[in-house]
Amino acid sequence: MIARIWGARGSLSAPGPETVSYGGNTSCVELELADGTTLILDAGSGIRELGQKLAERDPGTAYICLTHLHLDHVEGLGFFAPLWRAGWKLQFWGPPSTTATLRERISRYLSPPLFPIGLSEATAEAVLDDVPREPWRVGSAVVEAQTVEHRGPTLGYRIEEDGRVLAYLPDHEPYLTSALDDPREWISGWALAAGADLLLHDSQYTDDEYVGRLGWGHSSGAHAAAFARAAGVRRLALFHHDPMRSDRALEELYDQVAELVQEDQEQPLIAREGLQIDFGSIA
Amino acid sequence: MERKQPDLVLIVARSFATKLATPTLIIDARGDLVYFNDAAGEVLGRSYVDIGALQASHWQALFQPRTLAEEPLTAEQTPGGVALLERRPVRDSFVMRGLDGREREITVTAFPLFSRPDEVVGVMSIFWELPPAP
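Line by line, the protein sequences give chains A and B. Mapping to the numbering used here: the first sequence position 73 is 73, numbers consecutive. Take any residue in the second sequence, note its place counting from 1, add 283, and you have its number in the numbering used here.
What the hints contain is simulated information worked out from the structure, not anything from laboratory work. Here the structure is a predicted model, which means the values were calculated and not measured. Among these hints, one or two may not hold up.
As the list claims (entries may be wrong) - So the derived list for chain A, only partly shown, Cβ under 8 Å to chain B, looks like this:
hint : residue
1    : Trp84
2    : Pro95
3    : Pro96
4    : Thr98
5    : Thr147
6    : Thr177
7    : Ser178
8    : Ser188
9    : Ala191
10   : Asp197
11   : Leu275
As the list claims (entries may be wrong) - Mimicking SDA-like on lysine to any residue, the simulated pairs with C-alpha atoms at most 25 Å apart in a straight line are:
hint : chain 1 : residue 1 : chain 2 : residue 2
12   : A       : Lys89     : A       : Ser11
13   : B       : Lys287    : A       : Lys89
14   : B       : Lys302    : A       : Gly215
15   : B       : Lys302    : A       : Pro135
16   : A       : Lys53     : A       : Gly215
17   : B       : Lys302    : A       : Thr177
18   : B       : Lys302    : A       : Leu180
19   : A       : Lys53     : A       : Asp35
20   : B       : Lys287    : A       : Ala179
21   : B       : Lys302    : B       : Gly335
22   : B       : Lys287    : B       : Leu356
23   : A       : Lys89     : A       : Gly60
24   : A       : Lys89     : A       : Leu119
25   : B       : Lys302    : A       : Pro153
26   : B       : Lys302    : B       : Val326
27   : B       : Lys287    : A       : Arg234
28   : B       : Lys302    : B       : Ile409
29   : B       : Lys287    : A       : Asp264
30   : B       : Lys287    : A       : Asp162
31   : B       : Lys287    : A       : Pro132
32   : B       : Lys302    : A       : Arg184
33   : B       : Lys287    : A       : Pro135
34   : A       : Lys89     : A       : Leu180
35   : B       : Lys287    : B       : Asp311
C-beta: ideal position from N, C-alpha, C; glycine also.
Next up, chain B with everything else stripped away, as it sits in the complex (with noise of 0.2 Å):
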């Protein structure tokens, strides 16, 4: 039987973001995305129910984030793919496409989840939808 599973300190993270009306995003210390809550389902475009979780790569290609000029991200110039690699909180806005097809205006505070001072286990990002430019 397989054992492996994700530390307590994610399993905290995920139960404090089910119960959060604000979206909320977890990703893992590999950068894949292992929950989003239904606050953030709205925004995304899609539920966790309908997606699970997704590596990675894919949810970079999913959600096509951009800078605000329109520069192509890489999953690891995120606010949540900086915050990981640098282990430093991060707070930075861009561009993504929502799966419902629909552009949006994110903000995002990010910031490492520390098991240990020396072990990082994932990433919770919190995000606001920027209301649209008058």
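If we strip away everything but chain A, and leave its shape as in the complex, we get (with noise of 0.2 Å):
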């Protein structure tokens, strides 16, 4: 399993020169599964970029994973190029709602007057369904949802092939409804991360900023290395980074966290667009 960020900022795209290096694009990561499956997690604007790229080949299926349904993690869906290209098969999977079908919920963003053209319009197979209560298989990985701590229904994703684990938990805040010392059953979204060799975790504040955006959703990096120490993850990268935040600041927040791993974890890394991560490497 190989996975490649195509962006990892969080709640609005972010270009520029101050964030140049980590990259200005909204949640989107690309799993090459071991037999050549497509996974890919999330539709930010960084999927734009993963589009150009799977439509330079021949049409096939790839399998998209939402969290959930807050613009920036959906934002890139209309400029997906496999979408409007016959011949592709395109499954996504989203959170479950009471009142409406994943179609219908896309479809009130792929749709005028929020977008010109409509979701019926698209050229390739889409299938859209509520992720699966169970585990279930997507290529030769396993893929588990589980709701989790954010504003609306919210999903979190661990994918697991040949014994490597990835979490996938881009908007959560686990800290609001558990507190640090609660048992670890008791902390929202622990069962996905539970000993990820890697996890893709919320870390858009700096403390002080966490003070005033309480229930807002995301996490603090102490809250994000704190949940990662909780659940046993060997290795935490910081994932959906302040619109605000700029390269430098961005640096200053990954050394207050590198300051709080334990012995047995692996420093943590920062997302950025263009970060390929290879499990098969890992020893």
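Each of the two chains sits in its own frame; use the hints to bring them together as a complex.
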């Protein structure tokens, strides 16, 4: 399994000279599985460039797991080239709703007046389903989804292949509903991240910022580190960078988080566009 | 590593209960007592920290719930049990023995916690101790 980051910014795209090192595109991660299957996590603006790459090959099937439907996680869909190419089959999964299907909810964005073209005009075969309740197989990986603490119905994902685990919780505020010393099973998202080799986790705020944004659905870098420690994660990657965070400020946040890492954990990293992680090379 | 954990709805319900000054108790989908808050501890006679999680049969035996006419209630007949089994809100009064040995009449409002339209993950019970009859 190879993970490629196409977007790690949170809330709003943030292009410009201040964010050129880590990138300004919103959430999108490509997973290339061992059997060649393409599994995509979220459809933020980063999916535009990924779509350009996929469109260079013959049409096939791609699987897209959406954590939730806030704009920064779906805003790239209208510019995802395979959606407008005949022959592609795109299987989407997203959070369940009691009031509308996933297609109906996504169509609220992919339709006028918010977008000029409707999802019904897509030339690819787009299948949109609520996530299965139990872990399910996608290509050579097993995918598990659970609802996690954030504003509105939101999922986290756990992808396991050949004993290697990626946990993806880009929008998550576990310590809104748990205390740092709570039993770990009472911490939102714990089971998804438990023992993961790599955790891509929300670290949008500094500690000072978090105080004024309690309940907005995001974590501080310190909370991300505490969550990773509670879950026994091997390596934490800071993700969902605040759109106001410059590269320099992001590195300052990283330094604070790195000091919180324990001896049995690897040094954290900052998720950046272009970063590629080969799980097969993890010892 | 065992990775089982409660559904997020139960986690949020527990979090809500920790912040409430009203006695509140939470059971999971099996009927096991998984949490009660400090205010509930005052009525039950012991704190959750002292007791911890309890299986359904165990907490029924501990608190000896009875109707106001002193007929014994099984766990399934308590408001929490009815809310869980029949998937509907319930309001009822009954007698129980606190772990401090004192008998209490309490009124309970219990409602099922649905995580999906067809899935109940537990029950939240909010209760009040009735003042002694004059």
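Results of checking the hints against the structure:
no., hint, verdict
1, Trp84, "33 Å, violated"
2, Pro95, "11 Å, violated"
3, Pro96, "6 Å, holds"
4, Thr98, "6 Å, holds"
5, Thr147, "4 Å, holds"
6, Thr177, "4 Å, holds"
7, Ser178, "7 Å, holds"
8, Ser188, "6 Å, holds"
9, Ala191, "4 Å, holds"
10, Asp197, "13 Å, violated"
11, Leu275, "27 Å, violated"
12, Lys89/A with Ser11/A, "28 Å, violated"
13, Lys287/B with Lys89/A, "34 Å, violated"
14, Lys302/B with Gly215/A, "15 Å, holds"
15, Lys302/B with Pro135/A, "33 Å, violated"
16, Lys53/A with Gly215/A, "37 Å, violated"
17, Lys302/B with Thr177/A, "10 Å, holds"
18, Lys302/B with Leu180/A, "16 Å, holds"
19, Lys53/A with Asp35/A, "18 Å, holds"
20, Lys287/B with Ala179/A, "19 Å, holds"
21, Lys302/B with Gly335/B, "18 Å, holds"
22, Lys287/B with Leu356/B, "31 Å, violated"
23, Lys89/A with Gly60/A, "6 Å, holds"
24, Lys89/A with Leu119/A, "14 Å, holds"
25, Lys302/B with Pro153/A, "22 Å, holds"
26, Lys302/B with Val326/B, "17 Å, holds"
27, Lys287/B with Arg234/A, "19 Å, holds"
28, Lys302/B with Ile409/B, "13 Å, holds"
29, Lys287/B with Asp264/A, "23 Å, holds"
30, Lys287/B with Asp162/A, "21 Å, holds"
31, Lys287/B with Pro132/A, "17 Å, holds"
32, Lys302/B with Arg184/A, "19 Å, holds"
33, Lys287/B with Pro135/A, "13 Å, holds"
34, Lys89/A with Leu180/A, "43 Å, violated"
35, Lys287/B with Asp311/B, "13 Å, holds"
Hint compliance for this structure: hints 1, 2, 10, 11, 12, 13, 15, 16, 22 and 34 are not met, and every other hint is.
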